[in-house]
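S.K.: One-letter residues, chain by chain:
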Amino acid sequence: MTDTEQRLASLRGGQLPKTHNARTIAALATNPGCPRRAVLDAAAVDKAKVASRAGYPAPFGMSPFALGRGVAFERRLKDEPEKDLLMLLRQALDLDIAEVGFTDLNEVGGSTDLALRHERTRRLLTAAPDQRGTLFDHPLLRFAVGGRHAYLEPDLIAFRHDDTVHVVEIKSFAIIDDQADGAKVAAAAIQSAVYVLALRDLLGDRAAVHDQTILIAPRDFSLTPVAATLDVRKQIAVLQRQLSRIAAIDDLLEQVPPDVTFSLEPDGKGQPRRDAAELLRDILRVEASYAPQCLASCEMCYLCRDEASGTTGALGKSVREEAGGIESVQKVLAYAYEKDPYPVPADLAEAAAILRRAAVLRRRSLGDPS
Amino acid sequence: MTALTSLARIEAASLGRAQLIRTVRHVHVSDRPLVFIPLGLAGEPCAPLAALVGDDRSAPRLLVVTSPLNRDERFAFAASLADVVLGYIGSYLAGPEPADNEPYPDAPQVIVPNAGGVAFARLLGRSTRFRPAVGEGAVPAAVPVLGRWLTYLAERSHPSASLILTATGALAAHWATGQSAVEDENLATLLAWIAPPPGLNGADAALIAEDPARCPPAGPATDPGFDRDVLSGRLTAIRDARLIADPAAERRAVTALERELREVLAPTWRLVWQAIDLLRALPEAGHVAGRRKGDRLSFSGYARYLAEGGFPQPRKDAAVDAARRLVRLESDQQRLEAQMAYDDPLVMAEYRMTGEAFEGVVTRVEPTRLDESGKKAKLRPWIWVETADEVTAGPGTELRSPARPGQKAVVIDVEPAPEGSTLVTLELQNGMGRGLVPAAGSVPGADDVVCYTTLTLDFQAPPAFPSREDTPWTHGGPPPEYVPTELDRTEAWDGADWAGDAYAAEVLDGGLADQ
Chain A
1 MTDTEQRLAS LRGGQLPKTH NARTIAALAT NPGCPRRAVL DAAAVDKAKV
51 ASRAGYPAPF GMSPFALGRG VAFERRLKDE PEKDLLMLLR QALDLDIAEV
101 GFTDLNEVGG STDLALRHER TRRLLTAAPD QRGTLFDHPL LRFAVGGRHA
151 YLEPDLIAFR HDDTVHVVEI KSFAIIDDQA DGAKVAAAAI QSAVYVLALR
201 DLLGDRAAVH DQTILIAPRD FSLTPVAATL DVRKQIAVLQ RQLSRIAAID
251 DLLEQVPPDV TFSLEPDGKG QPRRDAAELL RDILRVEASY APQCLASCEM
301 CYLCRDEASG TTGALGKSVR EEAGGIESVQ KVLAYAYEKD PYPVPADLAE
351 AAAILRRAAV LRRRSLGDPS
Chain B
1001 MTALTSLARI EAASLGRAQL IRTVRHVHVS DRPLVFIPLG LAGEPCAPLA
1051 ALVGDDRSAP RLLVVTSPLN RDERFAFAAS LADVVLGYIG SYLAGPEPAD
1101 NEPYPDAPQV IVPNAGGVAF ARLLGRSTRF RPAVGEGAVP AAVPVLGRWL
1151 TYLAERSHPS ASLILTATGA LAAHWATGQS AVEDENLATL LAWIAPPPGL
1201 NGADAALIAE DPARCPPAGP ATDPGFDRDV LSGRLTAIRD ARLIADPAAE
1251 RRAVTALERE LREVLAPTWR LVWQAIDLLR ALPEAGHVAG RRKGDRLSFS
1301 GYARYLAEGG FPQPRKDAAV DAARRLVRLE SDQQRLEAQM AYDDPLVMAE
1351 YRMTGEAFEG VVTRVEPTRL DESGKKAKLR PWIWVETADE VTAGPGTELR
1401 SPARPGQKAV VIDVEPAPEG STLVTLELQN GMGRGLVPAA GSVPGADDVV
1451 CYTTLTLDFQ APPAFPSRED TPWTHGGPPP EYVPTELDRT EAWDGADWAG
1501 DAYAAEVLDG GLADQ
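Sequence lines, in order, name chains A and B. Residue numbering for the first sequence follows my numbering, starting at 1 and increasing by one per position. Residue numbering for the second sequence follows my numbering, starting at 1001 and increasing by one per position.
Hints listed in this document are in silico derivations from the structure and should not be mistaken for laboratory results. Source: prediction; values computed, not measured. Do not take every clue at face value.
Said to hold, decoys possible - EDC-like cross-link-like pairs, simulated, lysine to aspartate or glutamate; straight-line CA separation at most 20 Å: (1) B:K1316 - A:D177; (2) A:K49 - B:E1185; (3) B:K1316 - A:D181; (4) A:K184 - A:E153; (5) B:K1293 - B:E1097; (6) A:K18 - A:E153; (7) A:K317 - B:D1488; (8) A:K171 - B:D1448; (9) B:K1316 - B:D1488.
As the list claims (entries may be wrong) - Footprint (simulated), chain A over chain B, 3 or more residues, beta carbon under 8 Å: (10) 1115–1129; (11) 1249–1261; (12) 1301–1311; (13) 1318–1327; (14) 1435–1444; (15) 1457–1464; (16) 1501–1510.
Idealized CB from N, CA, C, for every residue including glycine.
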């Protein structure tokens, strides 16, 4: 174990590392500037459990109905691939009709052991083109995040006769009149980008993994599938940048006091040994950079929001910018309203002048002449 | 966001209470709005689950779908909703028909809790407006009409229009809270900041309002915990009772479901009406009635079109229609911004921050100054305004004043004045009567406080668009005329998926069968 790995293990405090999946890796791209998140992710801490234990359970949950729809839609596609799936892929990828072979990689001889599945995936995908199938159902890829491997499971990948590989993402949100929810498409695109990177890792230069991925989703209000092409070049660039930050985790770890740990190690009764207040204190010793966008993606969001209360950033990036980058709500109000504010540093003089002007205008417009 | 709104947010955060960012109400609020709170089944693009709807706050109507994935039940829901919505819309068309190009005296106003409510109305409209009322796959005749009206309303969801409002949007346009704009999309937390319960500050009240266990989300998505712990069981109980054909058990299960859904919807019903009360308490801005007249004209026009047997809105706008819509939205937005600034000193203050407007005191007037450079002398008074505001307009710029919106004032000179202020010389060009002496009150007097801005209320005629038939080939050529097709009859259901209950069972099981 390297020093870094040891350090990360001690942050985890004896817990098993939380396995990354495409969704959690994709989430890394959302607030790339947050050291707390980078450290927690690099140490593969179970953020949801830690946040909950510290008194701030995450606001995320998925409806069983949405899960059920996702499963039902994918099963309809794959149970009879010759019905819709192959036709869609032939059209989207220009596959020759003869070259379709469907390989199920969900299990290996009845075993779902991850290492076995990954080994089989690797063997099959790297085989010579003439001895290889074209479609692979749930291949198991491996991808290094912060020096450790995470297993990833794309819905489907497809080889073309020219040896290019396409990631196929199956989603159950509807494409209505050729339009889908922008946020959901964006999430699908970044997940696909994770798979593209993982596949490139696996195949090296043996085959070209295409940066155009295929999204298959139900059309209108039906379950009839349609295919759309996603260009994920931008997402790949964002992810690579973020992953390199995590790779450079040593720099961040240097900022973290050596005795900090997020351990949830249980006592004899299965309860975490450590006091919740102690855990919270250690979390707060790692710097965070909260923004309201975190509410949509990070399990720690309620904790960080509470910590950030009293700052302009908690009200939104544009509010902080309008306040001249001044972090403290009380400072902003002092600059804006107090007749004799405490000394204004030179670099904030302009911002303070704008705030005073805004305050005067606001007061007068509300009918207060003072 | 502007500097003033941001400052108001910061104040709100510090004071623990939302702060007004407008001095008047810039949106029309009907005397008899129709409140519509839809809920949908998670994951589905548009599977209505329930709705609380009505124009009487003491008697909302609860509509419930007991098997949300069943085609017939879904359209039965649409038919019940049509009963309420079309009855409400029809009440505005009941009087004598107005003369051509004149609007009905009033128009409907639908109020939904949040932007998700508008999206739901749009999708429900999309899934119903093409359905045939006769032949195979027919739905009740009111359903496609409802679809057209919902589509019409959803397309008019814009800050300058008031045929459909979101409670969150209308409130957030007038108050700044101590939370972020993202969080303002939650009606319960937004209202917690604007009107916290006695003894609580906004931040604490918002924390309580955010907890789905204490305050159910305003929809259309239900809380996943509710789906898992309550809804799933209730829907399964109804399905099971039907499978074994036990009417008593089915009735009990349906009653239980209705009770749960009413409990989930009732708090939002109260919040939306609370929002309406708060908005009504603000005095209405001067230009609201004018914009509302535009809404009435639009509504009356669409009602006539439908009465003449008009087609449903197309799935996608044709090229010319899309371009026209974009231009209209842009000019509506510009007009709204200018009108709000003219109506509201707090909005004008935002333009004063950026130098697009200034306010000051008239220090000197030459009310009878004549321009004698041409053949005929013209009345061209000059005024001198001293202002502490930043002035970005240079000589030659044409300005307007909210006090005399029709009068053009051209900047003659801008020069520094004592104490960091600025002296602006303006020439007034019209709006003073016909003679060579200005009409009383048409020229500001000395010591008057005046405001001038580059914003204008002038109507800009939209550019000319080719007719439908002349759509250029670069834009796909003339679009085909809409004719109802077989697709309209079948598209939403595509046969096999819906033939059995297999899909419904898989969804209700929440994917558990797979694990």
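S.K.: Evaluate each hint against the coordinates.
M.R.: Status of the hints after comparison with the structure:
1. B:K1316 - A:D177: holds (7 Å)
2. A:K49 - B:E1185: Cα-Cα ~27 Å, so violated.
3. B:K1316 - A:D181: Distance of about 16 Å is within 20 Å: holds.
4. A:K184 - A:E153: Holds: K184 of chain A and E153 of chain A sit about 19 Å apart, inside 20 Å.
5. B:K1293 - B:E1097: It holds: about 16 Å lies between the C-alpha atoms, which stays within 20 Å.
6. A:K18 - A:E153: holds (16 Å)
7. A:K317 - B:D1488: Violated. K317 of chain A to D1488 of chain B sits at ~46 Å, over the 20 Å cutoff.
8. A:K171 - B:D1448: violated (65 Å)
9. B:K1316 - B:D1488: holds (14 Å)
10. 1115–1129: holds (count 3)
11. 1249–1261: violated (count 0)
12. 1301–1311: violated (count 0)
13. 1318–1327: violated (count 0)
14. 1435–1444: That given contact is violated, which follows from only 0 residues of the region 1435–1444 of chain B lying within Cβ reach (below 8 Å) of chain A.
15. 1457–1464: Since three or more residues must qualify, the claim that chain A covers the region 1457–1464 of chain B is violated, with 0 doing so at under 8 Å.
16. 1501–1510: holds (count 6)
In the structure shown, a violation is registered for the earlier hints numbered 2, 7, 8, 11, 12, 13, 14 and 15, in ascending order.
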